[in-house]
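Trainee: Sequence:
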Amino acid sequence: MTGSASYQQFKDLFQSLYGELCNYAYSFLMDDAAAEDVVQETFIKLWEKHPEMINIPSINAYLFRAVRNNSISALRKINTTATATKAISYTLPIETAPDAFSKEELTPYYEQFLYEAIASLPPQCREVFTCCKLKGMSQQQTAAQLGLSVKTVENYMGRALKLLRKYLKACGFPTGLLLLIKMLYY
Numbered sequence: 001m002t003g004s005a006s007y008q009q010f011k012d013l014f015q016s017l018y019g020e021l022c023n024y025a026y027s028f029l030m031d032d033a034a035a036e037d038v039v040q041e042t043f044i045k046l047w048e049k050h051p052e053m054i055n056i057p058s059i060n061a062y063l064f065r066a067v068r069n070n071s072i073s074a075l076r077k078i079n080t081t082a083t084a085t086k087a088i089s090y091t092l093p094i095e096t097a098p099d100a101f102s103k104e105e106l107t108p109y110y111e112q113f114l115y116e117a118i119a120s121l122p123p124q125c126r127e128v129f130t131c132c133k134l135k136g137m138s139q140q141q142t143a144a145q146l147g148l149s150v151k152t153v154e155n156y157m158g159r160a161l162k163l164l165r166k167y168l169k170a171c172g173f174p175t176g177l178l179l180l181i182k183m184l185y186y
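Here the sequence shown is numbered in full-length UniProt numbering, starting from 1 and rising by one per residue.
By construction, these hints were calculated from the structure, which means they are not laboratory data. Don't be surprised by glycine CBs; every beta carbon is placed ideally from N, CA and C. Any given hint might turn out to be false.
DSS-like, lysine-lysine: derived pairs with alpha carbons at most 25 Å apart [stated by the list, open to error]:
id : residue 1 : residue 2
1  : 45        : 11
2  : 169       : 77
3  : 166       : 135
4  : 166       : 151
5  : 151       : 135
6  : 162       : 133
7  : 77        : 135
8  : 162       : 77
9  : 45        : 77
10 : 162       : 151
11 : 151       : 133
12 : 135       : 162
13 : 77        : 49
14 : 77        : 166
15 : 133       : 169
16 : 166       : 133
Listed next, with one range per pair, are the computed distances between beta-carbon atoms [unchecked claim]:
id : residue 1 : residue 2 : range
17 : 155       : 64        : 41 to 51 Å
18 : 169       : 140       : 28 to 38 Å
19 : 19        : 119       : 43 to 53 Å
Using the sequences and the hints, build the whole thing.
Mentor: Okay, here's the thing in structure tokens:
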């Protein structure tokens, strides 16, 4: 295997582009180790899945595009992990593991997070959500109080729940947390 012509071409390609591709990946990731990992993974995938591509004339363009795409994927993974860590550290004291808390101890943290999530809603959605969920008003009562139709209140509630799920997901919480919050408070 190591003496075959395709292996030698692959080795030459790797040696000629490795440094340049690492610099390119670094321009996205700003981390030497992560950039090297992305480039190495790209070459591994090339060798495992498409060894016949080593001979094509546009292989350099392909590799740069693949490194770019893999760098962006790595950034997404890093950002998701960082957001989840931030959300957990934001809602819970750092010195305690999440499993050590009882429902009563977690309630203030989830309440704070819930109110901040609600505060991120657009004004009309926030007002409708507050009336329906926090004040316990029916959709008909909310519509009458705010001078809206019941259908408009339903639409705002649907939009508010969708935006809250999106907010929770962006912060690294599972969307099932909405169900948990609903069970805790309503």
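Trainee: For each hint, tell me whether it holds in the structure or not.
Mentor: Structure-based check of all given hints:
Pair hint residue 45 plus residue 11 holds up; C-alpha atoms about 14 Å apart against a cutoff of 25 Å. Using a Cα cut-off of 25 Å, the hinted pair residue 169 and residue 77 holds, with the two alpha carbons roughly 14 Å apart. Taken as a hint, the residue 166 and residue 135 pair is honoured in the structure, with Cα atoms around 23 Å apart against an allowance of 25 Å. With a CA separation close to 23 Å, the supplied pair residue 166 and residue 151 stays within the 25 Å bound.
About 19 Å separates the Cα atoms of residue 151 and residue 135, which keeps this hinted pair within 25 Å; it holds. In summary, the hint linking residue 162 to residue 133 is supported, as the alpha carbons are separated by about 15 Å, within the 25 Å threshold. Of the supplied pair hints, the one linking residue 77 and residue 135 is violated, its CA atoms being roughly 39 Å apart against a limit of 25 Å. Distance restraint check for residue 162 and residue 77: the Cα-Cα separation of roughly 23 Å lies within the 25 Å cut-off, and the hinted pair is therefore satisfied.
Restraint check: the Cα-Cα separation between residue 45 and residue 77 comes to about 19 Å, which is no more than 25 Å; the hinted pair holds. A hinted pair counts as satisfied when its Cα atoms are at most 25 Å apart, and residue 162 with residue 151 qualifies at roughly 17 Å. Under the criterion of a C-alpha separation no larger than 25 Å, the hint pairing residue 151 with residue 133 is consistent with the structure, at around 17 Å. Between the alpha carbons of residue 135 and residue 162 the distance comes to roughly 20 Å, so the proposed pair stays at or under 25 Å and holds.
For the given pair, residue 77 sits about 23 Å from residue 49 by alpha-carbon distance, which is consistent with the 25 Å threshold. For the suggested pair residue 77 and residue 166, the alpha carbons sit about 17 Å apart, so the restraint of at most 25 Å is met. Taking the CA atoms of residue 133 and residue 169, the gap is near 20 Å; set against the 25 Å cutoff, the hint holds. Distance restraint check for residue 166 and residue 133: the Cα-Cα separation of roughly 18 Å lies within the 25 Å cut-off, and the hinted pair is therefore satisfied.
A beta carbon spacing of about 46 Å between residue 155 and residue 64 agrees with the range 41 to 51 Å that was offered as a hint. Checked against the hint of 28 to 38 Å, the C-beta distance between residue 169 and residue 140 comes to roughly 31 Å, which is consistent with it. Between residue 19 and residue 119 the beta carbons are some 49 Å apart, a value that agrees with the proposed interval 43 to 53 Å.
Hint check: a violation occurs at hint 7 only; the rest are consistent with the structure.
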